[in-house]
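Trainee: Using the sequences and the accompanying hints, generate a full structural model.
If you number the sequence shown the way the working numbering does, the last residue is 305 and the count never jumps.
Read the hints as simulated data drawn from the structure, not as lab findings. Just so you know, these numbers come straight off a predicted model, no measurement behind them.
Below, a list of computed lysine-lysine pairs in the DSS-like style, where the Cα atoms sit at most 30 Å apart:
no.: 1; residue 1: K257; residue 2: K218
no.: 2; residue 1: K218; residue 2: K195
no.: 3; residue 1: K184; residue 2: K257
no.: 4; residue 1: K60; residue 2: K128
no.: 5; residue 1: K60; residue 2: K72
no.: 6; residue 1: K257; residue 2: K196
no.: 7; residue 1: K257; residue 2: K268
no.: 8; residue 1: K195; residue 2: K257
no.: 9; residue 1: K72; residue 2: K128
no.: 10; residue 1: K60; residue 2: K101
no.: 11; residue 1: K101; residue 2: K128
no.: 12; residue 1: K195; residue 2: K184
no.: 13; residue 1: K196; residue 2: K218
no.: 14; residue 1: K196; residue 2: K184
no.: 15; residue 1: K72; residue 2: K101
no.: 16; residue 1: K218; residue 2: K184
no.: 17; residue 1: K184; residue 2: K101
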Amino acid sequence: MKNTAFERRSIFVGHRGAVHAIAGTAHPNLFFSASGDGRVVRWDTRTPDAGELIADALKSIYTIHHDQERKLLFIGNSEGGLHVIDLVEREEVRLLQAHKRGIFRIIPFGNERIICSGGDGTISVWKVPSMELERQIPLSEEKIRGMSISPDGSMLAVASLDGSIRVLETTDMNEIHRLTGHKTGAASVCWHPKKPVLISGGRDGQLRFWRTSSNFKAIQAIPAHRANIYGIAFNPDGSLCATASRDKTVKIWDAKTFDQLDRIDLKNGGHTHSVNDVLWCADGCLLTASDDRSIRNWSFASGI
Numbered sequence: 002m003k004n005t006a007f008e009r010r011s012i013f014v015g016h017r018g019a020v021h022a023i024a025g026t027a028h029p030n031l032f033f034s035a036s037g038d039g040r041v042v043r044w045d046t047r048t049p050d051a052g053e054l055i056a057d058a059l060k061s062i063y064t065i066h067h068d069q070e071r072k073l074l075f076i077g078n079s080e081g082g083l084h085v086i087d088l089v090e091r092e093e094v095r096l097l098q099a100h101k102r103g104i105f106r107i108i109p110f111g112n113e114r115i116i117c118s119g120g121d122g123t124i125s126v127w128k129v130p131s132m133e134l135e136r137q138i139p140l141s142e143e144k145i146r147g148m149s150i151s152p153d154g155s156m157l158a159v160a161s162l163d164g165s166i167r168v169l170e171t172t173d174m175n176e177i178h179r180l181t182g183h184k185t186g187a188a189s190v191c192w193h194p195k196k197p198v199l200i201s202g203g204r205d206g207q208l209r210f211w212r213t214s215s216n217f218k219a220i221q222a223i224p225a226h227r228a229n230i231y232g233i234a235f236n237p238d239g240s241l242c243a244t245a246s247r248d249k250t251v252k253i254w255d256a257k258t259f260d261q262l263d264r265i266d267l268k269n270g271g272h273t274h275s276v277n278d279v280l281w282c283a284d285g286c287l288l289t290a291s292d293d294r295s296i297r298n299w300s301f302a303s304g305i
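Mentor: Following this line, the structure appears as structure tokens:
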């Protein structure tokens, strides 16, 4: 492990339930958090004691997505509801029953669509801003937690609790690959920004690497955590990767070699409960969200 110095810059508290998701904004200092208390709060990293309530969904929120161009916030709740918030007017403009069970992930699909993944084992594709349902695609008998669009937009990777990673082509949303390796369930997936590699994380605590240029051949597996890996995220320049786990830790990896550089845990000011999401800021800082009802802001300084 390289000697990478880091420090906790601030803690954001105010949610009355677990913080499940965080999302960035066009402003480098502003971000949103979503919680089991049903609330979405906007924070400024310069004033961590002054969170601003943006929406109250009245149900536990699992995921959020910020459409910066249209100034819309999409909220996925624990019962499959998809809330659309107009951030200019500060009001909810739509509430759609998108899934039969909770929505675990919302991602942009091009400039005019979003994709939601549900606990009912389906994904749904919605046109924005009309919110017309374009497609509802059944993929699994188990919940779908993670999704990621390839850098060129041609493929969608989907992580399911049945242990598989499904790869769909995005023209007709047909399955072109099914990857197996996480026997107890897959929870997260992310495309490497600089290499032809897909990375998946599972309940087994493993990070698995699949070479996209070789028909998604399995090339490596790392025992990264001691429990489910909920988040995988690369920093803006693609040199670092952060993973978040139910084992209460965040780990920082060299994106070239995937050597472990750092471990954030309770001993060095980390979280006391499961870490559910990670978000890199434009300035290179890292935000982490946890079941302990807090978000923490970390800065890293090293000659990596």
